[in-house]
Amino acid sequence: MMGKSSETTATEGDMEDRISSLPRNVIDLILDRVPIRDAARASLLSSKWRYVLAEYPHLRFNQQFSNAIARNRLPSEFNNDYVHIVNRILLQHFGPILKFVLDLPELHPMRLSDVDQWMLFLSRKGVRELTFDNSSSSPYKLPAYIFSFSELTYLKTSRCIFRPPTTFEGFSKLNRLILVEITFGSSVLNVPQLVILILRNCSGVHHLNVSAPQLQKLTLYENDYLALDNYMICKKLAYAYLALPNGIQQHRQGERISLQELFGCWNTLTNAYLDGRFLKYLAAGIIPGRLPTTMDCLRQLMLFRISFDLDQTACILCLLQSSLCLQKFEIWIESVADNDVTVLNYLEEPSRTNQTIDGLQTVKIRYFKGSKPEVLFIKLLLSCAPSLEKIYIEEDEKLLLNERLRIAKELMRFSRASTKAEMMFQPLNSAST
Numbered sequence: 001m002m003g004k005s006s007e008t009t010a011t012e013g014d015m016e017d018r019i020s021s022l023p024r025n026v027i028d029l030i031l032d033r034v035p036i037r038d039a040a041r042a043s044l045l046s047s048k049w050r051y052v053l054a055e056y057p058h059l060r061f062n063q064q065f066s067n068a069i070a071r072n073r074l075p076s077e078f079n080n081d082y083v084h085i086v087n088r089i090l091l092q093h094f095g096p097i098l099k100f101v102l103d104l105p106e107l108h109p110m111r112l113s114d115v116d117q118w119m120l121f122l123s124r125k126g127v128r129e130l131t132f133d134n135s136s137s138s139p140y141k142l143p144a145y146i147f148s149f150s151e152l153t154y155l156k157t158s159r160c161i162f163r164p165p166t167t168f169e170g171f172s173k174l175n176r177l178i179l180v181e182i183t184f185g186s187s188v189l190n191v192p193q194l195v196i197l198i199l200r201n202c203s204g205v206h207h208l209n210v211s212a213p214q215l216q217k218l219t220l221y222e223n224d225y226l227a228l229d230n231y232m233i234c235k236k237l238a239y240a241y242l243a244l245p246n247g248i249q250q251h252r253q254g255e256r257i258s259l260q261e262l263f264g265c266w267n268t269l270t271n272a273y274l275d276g277r278f279l280k281y282l283a284a285g286i287i288p289g290r291l292p293t294t295m296d297c298l299r300q301l302m303l304f305r306i307s308f309d310l311d312q313t314a315c316i317l318c319l320l321q322s323s324l325c326l327q328k329f330e331i332w333i334e335s336v337a338d339n340d341v342t343v344l345n346y347l348e349e350p351s352r353t354n355q356t357i358d359g360l361q362t363v364k365i366r367y368f369k370g371s372k373p374e375v376l377f378i379k380l381l382l383s384c385a386p387s388l389e390k391i392y393i394e395e396d397e398k399l400l401l402n403e404r405l406r407i408a409k410e411l412m413r414f415s416r417a418s419t420k421a422e423m424m425f426q427p428l429n430s431a432s433t
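Under UniProt numbering, the first residue of the sequence shown carries the number 1, and numbering increases by one thereafter.
There may be inaccurate statements among the hints.
What the hints assert, rightly or not - Subject to a maximum C-alpha distance of 30 Å in a straight line, what follows is the list of computed DSBU-like cross-link-like pairs (lysine-lysine):
id, residue 1, residue 2
1, LYS235, LYS125
2, LYS369, LYS420
3, LYS379, LYS398
4, LYS364, LYS420
5, LYS328, LYS379
6, LYS235, LYS280
7, LYS390, LYS379
8, LYS420, LYS217
9, LYS398, LYS369
10, LYS156, LYS125
11, LYS173, LYS156
12, LYS328, LYS372
13, LYS409, LYS420
14, LYS372, LYS398
15, LYS390, LYS328
16, LYS372, LYS420
17, LYS364, LYS398
18, LYS141, LYS235
19, LYS156, LYS235
20, LYS236, LYS409
21, LYS280, LYS173
22, LYS409, LYS390
Hint data in this document are derived by calculation from the structure and do not stem from the laboratory.
In this text, all values refer to a predicted model and were calculated from it rather than measured experimentally.
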């Protein structure tokens, strides 16, 4: 027995020495790759390593963490144990917390006051990167403490109520902001260093006033309101992803901005991703054949939910003819009216073939249904793009084989402005996404 005890003590001593002898940066890398609950247990292996976790500046209470606690526990037990464990880890921590991740599980409403206290605790820790994802069924009202995180450079939050105090002056150091399923109250957001802004499925967006003069990447996806005025002055914008929800009311789209106005301000764009509903929104008044200011920086254009109605078709051709350096163009087709006479006449107008789409090299058409507007659109691309090399046509799975063959033969007969232009056909289900 004495031999076994001595052997055990020696083994534990060796393990302690091995852990303690690791460089601090290696220990940090280990902690960064293991769940925080396991890291807390591992700290018990070495008396010299016991306080390493307490000093570690990156804390992640993610879904894996809450799932581990929920295992084999009743909901009431989970609520108590989850809050208790997070409290213990935070209270034992000293030093700065530079990165904090919280995936908030479904908690009893009485426990949300504990979450408020966690945010108060963090407000004194110099947090630079904060991820707060609310996985519960009810939105969480962000406490005022969050708006005092003066060192924030990255903020991501979801399913929360965002209502800053009236004294809030903005996040002066923030460069990335991601807000998903947020309900806004009256919010003035001054973010002079912001480079990336993502708003997805948010409501009350008309209450939001953003000042972000350095913005380079903007995503506005299916929010309940579209107000582009805040972003028209963003002279460094290089990436825009804009999509409207289905059935958005006209009066909730904000003051209408035309195609000419928008791209006249955003002539620094290199990548644009626009949905068909947004194109219809831009189709205010007469759509010119070419914009007054050409898009000399645009390299990639992707359009989705396209139905080839007249507004969309005119906007698409205008953008293509105004993007002199466009290299890659991708279009996802949603549905097409096969016999819309106004669209067919527009595409077949003789003057269309006299226009040039310079620079375009690669085209991908997804969910191709073989309708007349689609076929005429491809005919225009072939006749107007002298630099074209490839057109990838990914056919809708509902398109019958004999129809595919008939349409392919028709397309292959069209004249081409580029001697290098090739067409590649493949079923959608076998194509890469």
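We went through each hint and held it up to the structure:
| no. | hint | result |
| --- | --- | --- |
| 1 | LYS235 - LYS125 | violated (35 Å) |
| 2 | LYS369 - LYS420 | holds (25 Å) |
| 3 | LYS379 - LYS398 | holds (22 Å) |
| 4 | LYS364 - LYS420 | holds (16 Å) |
| 5 | LYS328 - LYS379 | holds (17 Å) |
| 6 | LYS235 - LYS280 | holds (24 Å) |
| 7 | LYS390 - LYS379 | holds (14 Å) |
| 8 | LYS420 - LYS217 | violated (34 Å) |
| 9 | LYS398 - LYS369 | holds (8 Å) |
| 10 | LYS156 - LYS125 | holds (18 Å) |
| 11 | LYS173 - LYS156 | holds (15 Å) |
| 12 | LYS328 - LYS372 | holds (23 Å) |
| 13 | LYS409 - LYS420 | holds (18 Å) |
| 14 | LYS372 - LYS398 | holds (16 Å) |
| 15 | LYS390 - LYS328 | holds (10 Å) |
| 16 | LYS372 - LYS420 | holds (25 Å) |
| 17 | LYS364 - LYS398 | holds (19 Å) |
| 18 | LYS141 - LYS235 | violated (33 Å) |
| 19 | LYS156 - LYS235 | holds (24 Å) |
| 20 | LYS236 - LYS409 | violated (45 Å) |
| 21 | LYS280 - LYS173 | violated (36 Å) |
| 22 | LYS409 - LYS390 | holds (17 Å) |
Violated hints, in rising order: 1, 8, 18, 20, 21; the structure is consistent with all others.
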